[in-house]
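Kindly generate the complete structure, drawing on both the sequences and the hints.
Taken in sequence, the protein lines are chains S and Z. Number 67 in the working numbering belongs to position 67 of the first sequence; there are no gaps in the numbering. For the working numbering, add 307 to where a residue sits in the second sequence, where the first one is 1.
Calculated directly from the structure, the hints in this document are not laboratory data. Among the hints, a few may not be true.
Stated by the list, open to error - Taking lysine-lysine and the DSS-like style, the derived pairs with C-alpha atoms no more than 30 Å apart in a straight line are:
| id | chain 1 | residue 1 | chain 2 | residue 2 |
| --- | --- | --- | --- | --- |
| 1 | Z | K350 | S | K180 |
| 2 | Z | K403 | S | K4 |
| 3 | Z | K350 | Z | K382 |
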Amino acid sequence: MSLKAKDLTGIKELDVEDIELILETAAGFKDVLGRDIKKVPALRGKTAVNLFYEPSTRTRTSFELAAKRLSTDVVNFSVSTSSVVKGESLRDTALTIQALGADLIIVRHPCSGAPHFLARYLDASVINAGDGTDEHPTQALLDLLTMREKRGAIKGLEVAIVGDILHSRVAKSNIYALSKLGAGVRLIGPPTLVPPFMEEVGATIFSDMDAGLEGADIIMMLRIQMERQGKGFFPTKEEYFKNWGLTARRLMRARKNAVVMHPGPMNRGVEIASDVADGQRSAILEQVTNGLAVRMAVLYLLSGVKQ
Amino acid sequence: MQLPSHITLAVPKQAGLRMAKKLLDKKDIERMITRMTHQIIEKNKGTRSLCLVGIQRGGVHLARRLSARMKEIEKKDVPVGTLDIALYRDDINVRKEQPVVRRTELHCTVDNKKVILVDDVLFTGRSIRAAMDAIMDFGRPAAIQLAVLVDRGHRELPVKADFVGKNIPTSLKETVKVQFEEEGNEDRVVLE
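Pasting the structure below:
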């Protein structure tokens, strides 16, 4: 079994069958992660390159560990100390890395569409690790795996995504994924950060958080991107927390067995209260483990596609 | 002759266009399992520190049956684990598609155990090589022994089974299929 494309550019490009295959395979890899010897020889001799044009610790580390657990050699290409500062174009950098023998190129880039662009020029498999405000497919896949583990089938779940939807690639990938798998999507946040056109993809928009959380199965909190603060999207952090922060009291609005998720890194006291983040309903640390399994699955499955 | 692309040839397998020959039936398989169980117990002087590990998928059913028969004969429970060898195969760079990753659940430590690897058909020996590598990643067994229902020959690696249900000489063009009730078929071994 393999994915249909040689690349993972976004959830948008996957069909339900692909998503199911990745989740099934990831479940098998979770098993590997629980062993004493967490390394398998599956992708021995392959080379993966982390090409990150934006800062990232958790995603990069997660991909790096995933590759290492599959016995793939990993190179971290740090843009700040590379030829990129000398003015090399994205395409030239990627072609150079490919010429060095990379089989898998994992890209994070501030411009939406950068991985799609590279996928056209490279024979190596390109994996999107976040492009601009477009997509972050492996995050959505790990979220799906977490939801499935916690609640069984995804179909029919009511998922509330709360926060900065406008700038969030995590939200976008999740919206594509959830609507493909038949879950209901609610978007909650200040009107300045929830674009109204999202209703066209089938999501319901709420600016009142209490109303939006009513009966939700999953509450997915997004990080308030502090670097975008001061542009007038909302007045202050305190006011944001008052209106859209997830507190224990607000959590009561959702279903009794509702699951709280957050892609990290968290701003405690801004989008989520500390006691909720560390509480029993929180699946935040499980998401991190599942991220490793999902990324192993993606690397493994993409290695099976012959160019 | 090249067919136009819109025409596909559906080959009905049941219609006998492809010769499928039934080699062994339910009764034969039952007797073989009984004999193999006795041989395993005899060689290991009982069931102490034994651990049956079935290779996904055909080997798993066989391992469970061997364990059930051991329970009847020796009144002892012998643990049964399942082993997926997809991540240890040697043909990942050759195959077009990745093998499906299935569960590995050993249910026991393999350290100092006598591990009986169980598979339905022994052919090239490559799966067994992969399975032994996988087992070694879980610990250091005292010994690994191999039990297979059918040995069809054509080894590509120096692998030999300790317990064999039946030796069936085959040509490379043929395939041997072991079917179990657990997968919705009647118990049988067919040659195609």
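Cross-check of the supplied hints:
1. K350/Z with K180/S: violated, 56 Å
2. K403/Z with K4/S: holds, 12 Å
3. K350/Z with K382/Z: Given that 30 Å is the threshold and the Cα spacing comes to 17 Å, the pair holds.
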